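A.B. asks: Sequence:
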Amino acid sequence: MPIVSTAEINERLKHLQGWEFKNLALQKEFVFPTFTDVMIFVNEVAQISEDLAHHPDIAIHHNNVTLSTTTGDIGGVTEVDFQLANKFQEAEKTVFGEWSKA
Numbered sequence: 118m119p120i121v122s123t124a125e126i127n128e129r130l131k132h133l134q135g136w137e138f139k140n141l142a143l144q145k146e147f148v149f150p151t152f153t154d155v156m157i158f159v160n161e162v163a164q165i166s167e168d169l170a171h172h173p174d175i176a177i178h179h180n181n182v183t184l185s186t187t188t189g190d191i192g193g194v195t196e197v198d199f200q201l202a203n204k205f206q207e208a209e210k211t212v213f214g215e216w217s218k219a
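Residue numbers (my numbering): 118 to 219.
Hints were generated in silico from the structure; no laboratory data involved.
Take these hints with a grain of salt, some might be off.
Claimed, not checked - Derived DSSO-like pairs: lysine-lysine, alpha-carbon spacing no greater than 30 Å straight-line: (1) K131 with K204; (2) K210 with K131; (3) K210 with K139.
Said to hold, decoys possible - Pair by pair, the computed Cβ-Cβ distance ranges are: (4) V159 with Q200: 14 to 24 Å; (5) M156 with P119: 30 to 40 Å; (6) I191 with N127: 16 to 26 Å; (7) H132 with V212: 28 to 38 Å; (8) E125 with N160: 23 to 33 Å.
Since the model is a prediction, treat every value here as computed from it, not as a measurement.
Glycine included, C-beta positions come from ideal geometry on N, C-alpha and C.
Construct all of the structure, not just a fragment, from the sequences and the given hints.
C.D. replies: This is the structure we're talking about:
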C-alpha cells in the first residue's frame, strides 16, 4: 500500500474536522463530557480497528482521548489510515451525536 503524499494528506484533511498531520500520522483529540463517555468511544475505536486490522495509538486523559494513526511498517500515512479516521468520525457522531467539542 503506497504512502499518501503530504499534498494529498493536506487536501484530504480539509474534509476531516479536527484532524491534523503530525509526526507522520493523522491525529485528533476528541473531548467528551465524562471519562465513561471516553471509554465508550474507545471501545468503538477498538472494534473498528479490529475490523480493519489496523490499530491507532490511543492516549486517554480524563475526558479527552487522542487518536493517532499511521502505517508504521512503511513509515507514513496510507489509505487505511484515512479509512480509520473517517470511521472514527462516524463512530463519534453515531454514539454521541453532534455535540462533541472536537
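A.B. asks: Next step is simple, just say for each hint if it's right about the structure.
C.D. replies: Quick rundown of the hints versus the structure:
no.: 1; hint: K131 with K204; result: 16 Å, holds
no.: 2; hint: K210 with K131; result: 18 Å, holds
no.: 3; hint: K210 with K139; result: 24 Å, holds
no.: 4; hint: V159 with Q200: 14 to 24 Å; result: 18 Å, holds
no.: 5; hint: M156 with P119: 30 to 40 Å; result: 35 Å, holds
no.: 6; hint: I191 with N127: 16 to 26 Å; result: 19 Å, holds
no.: 7; hint: H132 with V212: 28 to 38 Å; result: 21 Å, violated
no.: 8; hint: E125 with N160: 23 to 33 Å; result: 31 Å, holds
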